[in-house]
Amino acid sequence: MSEHRLQEIREHIDQLDESIVGLLNKRAALSREVGELKSRSLDTVFKPFREKEVLNRLHSLGPGILPEDHLQAIYREILSSSRRLQQPQTVAYLGPEGTFTHQAALEYLGRSMNFTPCPTLHDVFLTVASRKADLGVIPLENSLQGSVGQSLDLFLHYPVYIHAELYSRISHALLSSSTELAQVRTVYSHPQALAQCSAWLRTNLPQAIVVPVDSTATAAARAEHEGQNAAAIGHPQLIERYSLRPLAMDIQDLPDNWTRFLVIGPTPTQSSSRDKTTLLFTTPDKPGALAAILNLLADQGLNLTKLESRPLKGEKWKYVFFMDV
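Counting from 1, one number per residue, gives the positions in the sequence shown under our numbering.
Think of the hints as simulated: they come from the structure by calculation, not from any bench.
None of the values given here were measured: they were computed from a predicted structure.
Positions of the beta carbon are idealized from the N, C-alpha and C atoms, including for glycine.
EDC-like, lysine to aspartate or glutamate: derived pairs with alpha carbons at most 16 Å apart:
| # | residue 1 | residue 2 |
| --- | --- | --- |
| 1 | 276 | 324 |
| 2 | 52 | 165 |
| 3 | 306 | 141 |
| 4 | 313 | 153 |
| 5 | 316 | 285 |
| 6 | 47 | 77 |
Quick list of simulated restraints, FRET-style, between CB atoms:
| # | residue 1 | residue 2 | range |
| --- | --- | --- | --- |
| 7 | 182 | 18 | 49 to 57 Å |
| 8 | 181 | 24 | 40 to 48 Å |
| 9 | 10 | 325 | 51 to 59 Å |
| 10 | 325 | 166 | 13 to 21 Å |
| 11 | 268 | 296 | 21 to 29 Å |
| 12 | 281 | 182 | 51 to 59 Å |
| 13 | 130 | 195 | 32 to 40 Å |
Please build the complete structure, drawing on both the sequences and the hints.
Quick look at the structure:
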């Protein structure tokens with residue numbers, strides 16, 4: 001490629017960037033006007049069904065050179081900025097910074113939100129229910145290890161509502177300040193991450209001591225502090241926050257590892273009338289009680305996607321059912 005042609009391309013890109021910035025500012029002005037109208041009607045800022053419409057419309061425009069996942073990521077940041085222009089929002093999540101919940105929240109809600117880490121799931125629910133945060137992000141279930149029971153139980157104790165769900169692929173990396181696997185003597189991580197990488201650890205680090213800690217971010221901090229003989233298992237993005245490098249990527253034992261997260265809020269959000277709905281209910285202790293409810297769903301043509309029971313705390317041998325339809 002000649003220098004002359006390269007310069008022409010760069011000048012054309014500069015012109016396009018000027019047009020893009022101008023259009024983004026026009027869009028931002030309209031978003032701010034939407035925020036003013038919402039404020040007058042006391043409407044909520046986060047409208048997941050509307051944002052889904054925007055993203056689906058991008059898909060309907062047809063394929064281009066830009067990969068669809070790149071385009072979606074760009075627009076999620078545009079939508080995040082639009083929300084901030086309408087009204088700055090705070091998002092509580094299960095912390096500390098750098099956990100898989102934090103990364104999922106960033107990917108779905110964008111970086112223009114104010115993110116507040118909470119030490120426990122209880123604190124996430126409490127922060128949202130007391131309106132100290134506009135939204136919360138919690139893990140609900142993992143494709144390999146099943147439901148997060150504590151998340152289900154907390155819905156019984158706090159008046160919060162599900163606004164959206166998101167699915168995030170879980171990719172574990174071994175992070176260390178070392179440059180060689182042979183130097184690693186101790187591996188830190190959350191118990192769930194250690195379980196999901198147990199076969200890899202047995203094969204590749206049989207000499208290492210495995211130490212469970214309360215989060216993958218805590219594991220990264222420990223590995224950073226202890227130096228070359230320590231490593232952490234966690235999200236690859238942890239290297240942006242800690243002085244570590246990836247020794248190995250995608251070390252989970254099974255590749256198809258996904259976690260379902262929920263976005264919760266203190267008030268209901270507007271429905272599109274085509275949303276997945278989560279129901280919590282109890283039944284009388286008699287034959288056919290649950291079957292009667294399932295038959296009602298079948299009669300209405302509703303698809304049951306999840307059904308799980310949890311012990312009803314304080315009520316011996318009684319259960320509450322969680323159902324997604």
